[in-house]
Amino acid sequence: MIEARGVHKHFGALHVLKGVDLLVAERELVFVIGPSGSGKSTLLRCLNRLEEPSAGSIVVDGIDLLDRRTDINRARQRIGMVFQSFNLYPHMTALGNVTLALRKVAGKSRAEADELGHAALARVGLADRAGHTPGQLSGGQAQRVAIARAIALEPRVMLFDEPTSALDPELVGSVLAVMRQLRESGMTMVVVSHEMGFARAAADRVVFMDDGAIVEQGPPTQIFEHPAGERTRAFIGQIQRH
Amino acid sequence: MTDWERFLDTFFNAKVIAKYWPDILYGMVVTIELAVLVVVTGLASGLVLALLRALGIRPFNWLLIFVVDVLRALPPLVIIVLIYFGLPSVDIVPSGFVSTWMALSLVLMAFAEEIFWAGITAVPRGQWEAARSTGLSFSQTLLGVVLPQALRLTIPPLTSRTIAITKGTALGSVVAVSEILGQASSAVSNSYNPSPLMLGAAAYLVLFIPVVVAGRWVETRFAWKK
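Protein chains in written order, with the numbering used here: chain A, 1 to 242; chain B, 243 to 468.
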């Protein structure tokens, strides 16, 4: 589903991604962990070309994202993204947020879009909040609307950039529940997050990044219980102290 | 005659006022026409420029910024005079009305472009990212997601700038436009009495106090609400 090879990213003099290879199979849930500054968010953002890699190749669902001739807007319909700060459109209702792309990009009529929008909101358990504006939603609800907005277009892969990091602890559960449901329905997911409990329970593979490169990757039991690398062990040790 | 009676006779002379108030009324119509035209063309062109600036075409933006800075730096009266007296030398002879309209419109365009641009850049980058990540194109994002948010931010500075520019219509009197001040000045010359000026001032208050009040209403109604 995703084939990222030799991805480099420079921000001026700063070499943030140093030749990353990441392969994600269909229906896999890949969890990316690592210290801040390791480049995990940058890597994620390269996967829908929100960041342009300085070098390398990225092919998602058979589409070469870095080819100049690729219609990136069409490609992005197949790649859903959820952000740490939700980024809901404040001047629209929840339904409006979900249906905007359905109308403008997928070309649905207003009636069709509203129906699909209601269905997406129901999937995340917010059917009764369709008419609310983002300002009237709690953080957990807002993030779930953001997820609904992304899944409404029926993407083939979902990217999550620290989806629960900005939420109060008691609201995190509701969002993780939706993510678990998505996984069960067979969605391919790449998640950058610190929610290690979720990783243990739901991830197929955990990727540990440090200093712009993938240091180690494997099933959760390997990474969390028997990390092979020194740096991996140190990072896991640090986070487990909480 | 007491001092007070002399004062009234000079500045509020009933006979002169009776004779010239129709002219002032005519001047009010011209002022309104001119102001409406200036606001419509100035704001529309300012918005178009700001949207073009969002495209990020460097050489175009340098030219745009240069022109905008010049227009914001020059006194509007200078631009009016340049158009009215200068253009005829290239065979374009605009009337006083057209010269005033063009000049004030250009000045409002420049200030409005800066205000709209400030609004657009103030919209958080996350809004662009979220919209683009759902497949919306650059222009769909700009027009459907960013601009509605930007406009709410721009309402207060825009209303105050617009009100300031519309009062600049009085400058048209310098190039023989029959707006309020122009009519009042002629009447003063013809009657050797300054009462028409008081009438003109009253006319400006009648026109612009409602505009100022309306501006405040627009600001409070459309102000940025989280």
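FYI, nobody ran anything at the bench for these hints, they're computed from the structure. Don't take each hint at face value.
[To be verified] Each pair of labels, with its calculated beta carbon distance range:
#, chain 1, residue 1, chain 2, residue 2, range
1, B, Thr363, A, Ala111, 32 to 40 angstroms
2, B, Ala364, A, Gln238, 36 to 44 angstroms
3, A, Ala111, B, Phe302, 39 to 47 angstroms
The structure presented is a predicted model; accordingly, all values stated were derived computationally and were not measured. We treat Cβ as the ideally placed atom computed from N, Cα and C, and that holds for glycine.
Hints, one by one, checked against the model:
At roughly 36 angstroms, the beta carbons of Thr363 of chain B and Ala111 of chain A sit within the given window of 32 to 40 angstroms. Checked against the hint of 36 to 44 angstroms, the pair Ala364 of chain B and Gln238 of chain A passes, with Cβ atoms roughly 38 angstroms apart. For the pair Ala111 of chain A and Phe302 of chain B, the beta carbons lie near 41 angstroms from each other, so the given range of 39 to 47 angstroms is met.
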